[in-house]
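Peer 1: Below are the chains, spelled out letter by letter.
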Amino acid sequence: MSGGEDFRVRVVEAENVTPTIRRLRMLRCDGGALPPYAAGAHTVLTLETGGPKLRNAYSLLGSTLSGGAYEIAVLRTEASRGGSAFIHAAVGVGTELTLSTPVNLFPVHHLARRHVLVAGGIGITPIAAMAAELSAMNAPFELHYAVRDEALGAFAGDLALRHGAKLRLYVSRRQERLAVREILQHQPLGTHLYVCGPERMIEAVLGDARAAGWPEDSLHAERFLAPAGGEPFAVRLARSGLMATVGEHQSLLEAIEAAGVDAPYLCRGGACGQCETTVVAADGSLRHHDHFLSDAEKAAGDKIMICVSRLEGRELVLDL
Amino acid sequence: MLLSEIKSRPTYGSLSPSPLATRHIVAIEGAGIKAFEAAFAGKAALLGRTTVVFTPSPDMPPDTLGRLEALGVDALHVSPSVETLLVRLAGLLATATMGTELSVTGSENFIGQAVAVGMAHGIGHRSIATEHSGSLARRVQCVHCKGFTGGVTESPVACGHCGLMLLVRDHYSRRLGAFMGVCIDAEAPGDIPAPEAFHA
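As you go down the protein sequences, you meet chains A and B in turn.
Position 41 (the first sequence) corresponds to 41 in the working numbering; numbering is contiguous.
All you need for the working numbering is the position in the second sequence, starting with 1, plus 1000.
Hints listed in this document are in silico derivations from the structure and should not be mistaken for laboratory results.
C-beta atoms are modelled at their ideal positions from N, C-alpha and C, and glycine is treated no differently.
Don't take every hint at face value.
What the hints assert, rightly or not - Label pairs and their calculated CB-CB ranges:
1) B/G1013 <-> A/P232: 47 to 55 Å
2) B/A1045 <-> A/E315: 49 to 57 Å
3) B/A1044 <-> A/G207: 20 to 28 Å
4) B/G1151 <-> A/S294: 41 to 49 Å
5) A/A204 <-> B/S1018: 15 to 23 Å
6) A/G4 <-> B/L1176: 30 to 38 Å
7) A/S294 <-> B/P1019: 17 to 25 Å
8) A/D30 <-> B/S1018: 52 to 60 Å
9) A/E199 <-> B/S1008: 33 to 41 Å
10) A/S135 <-> B/D1185: 48 to 56 Å
Same shape as in the complex, but just chain B (with noise of 0.2 Å):
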């Protein structure tokens, strides 16, 4: 469980698909085929209507993609980057039906993205079940010049847009799927801590 006095920083659960779901749509980055597997393994008639869009990771377990062949899903798309696997996402949801639950796991720089992809399509947020595996990269929003530096593990960064080193803090934006990041050497400038990594 991540804890954070910030009220807006995201929390993750687990994967439970609801019997009642008439399609189920699993995004899954990488290292979430172990929670993918948790949840869903052995029950043949919920992967009977499961679609599954994949991308790997550089953590995943080995073999994952003959683990996720193997459970005998509807229909899986294996998708090269997170950016293809989105574009993926969305066009799936933009015909589904109400009765479609949408499940995520990955990456917290994945998930975010990922759901605000759901949330953009009209699914609620807390319909969208999430649960966090392997890194804890993040995606961060520049407030400055408004770019996003993706698979972030340290603060502070340098933006990869307007190259300022940026505090990466717990305020998050559920709509743009990312943290925020602020110059931290505003008022001194060149006065720059070491980098921490994220510990939640």
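Next up, chain A with everything else stripped away, as it sits in the complex (with noise of 0.2 Å):
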């Protein structure tokens, strides 16, 4: 239960942009109008892998205030539960998929006065769906964008086009390295700061940020984790009274689901919050992963994420 409406849609255009991201495009199977959605809104895609169904968010791709097509660009991953490798294998031009009403974790700040973007591989996606914003209302922005190899840079001279010297790429096996103490070192005040990429490099550009003084308030990021695996260890529902296996590679909140419970969620990365959950018992430690709850609420143990966490142990009851 993301909250909204669920669509049923047709890939249109399937194109691999570089060897390892896949860029789909989307519109409704009934050809109605999907909803439109600001920069940096991601949406929830059913996948129907013929193993269990797979549940991803993906940032949509520009911005379609008319409620157009979808498109999202998704990287292969190594590290895959499945989602990136079906997408990359299976999905083509004329398959039918499930997509979720979108929802906007990170959106542009319109009351600023400058907006500074800062993106590291396929985080930009919704990096490069706010440059096309900003870019539309003549606000002023720049844009960092670091790769591996120009290859692997999807969309790099797409956005060279479009963006011209507002675009700064950073190429790192051309030994070019992401300052990002000497790009936030004049930024005029009222700047904010933005940043979609590896856990590392959010952490490091958030870090630098909050050393040279920057406010939390002027700072943004987004980051979907993939929910963690661990060892398999039971669920029941103290209110339902249901129980459920909670497999090696699966999340809590995907074995909530298959258990027949429609359980709340939005971002299913440990973002956003909605999913949170009373623990009403733990046979085991709980391992929290999520970017939500703050030490003190993870230490306590009595709130868990359903969709990025899990338990160390034997059984877990949950208030549901």
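Make the complex out of the two chains shown on their own, each in a separate frame, by following the hints.
Peer 2: Encoded structure:
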């Protein structure tokens, strides 16, 4: 239950932008309009892989305030649980999929007087949408995009054409390093920073910004975590009386959904807080992987974000 | 602590300068000297990157300016009035970079206006440290003629522009830095209760 309506869509374009990044363009099967969204929004795609049903969040490319087609770009990851590999191998023009009403946890802050956008790798997808939106509004911004090599830098050529000197590309194979401190140094008051990319990069960029005295409300990041795997354990739902087993590569949320319970969620990546669930009892220790609960809340052990966190132990009892 | 059931009614904390900020701009109205001393005095490294904009107030302690000068701030600008201070503050913020922290202390009348200048320069209101010192005087906007009346200490009060008697509500606009004033005798002209001073 993501709070909004789900839509059946058909893939109308499928293209490998790079050897590891596949772009999909989707339209509604019934010909109706998809809801409009602003830059930074994501949709949750339901993937019927043949094995367990997967629901993965993907940032939407571009921004269509007119409610047109949706586009996503999917990186094939080595540590994939099957979602990205499935999209690369089995999803093409004509494939039908289900996606959710978009949710935006990473919006452009329109009161900011300047915007610094920082992307690493596939993190470019929401950032490129923001750049397009800011460019259309003629708002001042700069875009910093770090990639391993130019061939992997999906959209780099397109972004350079659209944004010219506002784009700065860093290719690590050419020994070019993103120098965050220099970027942050002379930004005028009222600048906001947005970063999306690998976890370590996000932490480094935000850390440098805090060290340079940037206040929290000027800092924005988006990170979707894949649910961490682990040893299987049992989950009991106190209110509904249901029992389920959470498999090695399955998330608590997925196991609960498979058992037929429509638990709340929005991002499925440990960021939004929607799936916060009360822990009734835990025979073992909680493994918190989210970015939502505070350290004190994690230590207290009476709440869990079921989309990414799990139990190391025998049985977890939840208030569901 | 000022308490109200009205959510927009501002609350104030205490000044706590971030050691990470590369520059501190502190706007002080008279009686705010104590809050400034409590947070900044004796911290040489902090004071060395602090710019103070100051304006006197009738309720400030004797020799406030002398105490301020003795603290050893990097730059001290003394303005003869709140209006001239705000112009100076806007000038400083216009060329400031990220990493600059704004702190404000003084009367409500003053804090609201200085915070509004900070917000107009792109600082989030949660990132501006405020500490209330001295007078509970408010700045009030008349919802009828839109004129601002400063230094209001009681309600109802006569609008300084159109002359209507205004009930001063706790409803507050951060953008304007002012409380809302609404005609108190619209339905029964001339029926005006005795004014009461603000307690909080």
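Peer 1: Compare the structure with each hint and give your call.
Peer 2: Results for each hint:
Between B/G1013 and A/P232 the C-beta distance comes to about 49 Å, which sits within the given range of 47 to 55 Å. Checked against the given bound of 49 to 57 Å, the beta carbons of B/A1045 and A/E315, roughly 55 Å apart, stay inside it. Take B/A1044 and A/G207: their Cβ atoms lie about 27 Å apart, and the range 20 to 28 Å holds. One distance hint, 41 to 49 Å for the beta-carbon pair B/G1151 and A/S294, holds here, with the actual separation near 42 Å.
The supplied range of 15 to 23 Å is met by A/A204 and B/S1018, whose beta-carbon atoms lie about 20 Å from each other. At about 36 Å, the CB distance of A/G4 to B/L1176 agrees with the hint of 30 to 38 Å. Taken as a hint, the range 17 to 25 Å holds for the pair A/S294 and B/P1019, whose Cβ atoms sit roughly 22 Å apart. Checked against the hint of 52 to 60 Å, the pair A/D30 and B/S1018 passes, with Cβ atoms roughly 54 Å apart.
Taking 33 to 41 Å as the suggested C-beta distance range, the pair A/E199 and B/S1008 conforms, at roughly 38 Å. Evaluation of the 48 to 56 Å hint for A/S135 and B/D1185 yields a pass: the beta carbon distance comes to about 54 Å.
Hint violations for this structure: none, all hints satisfied.
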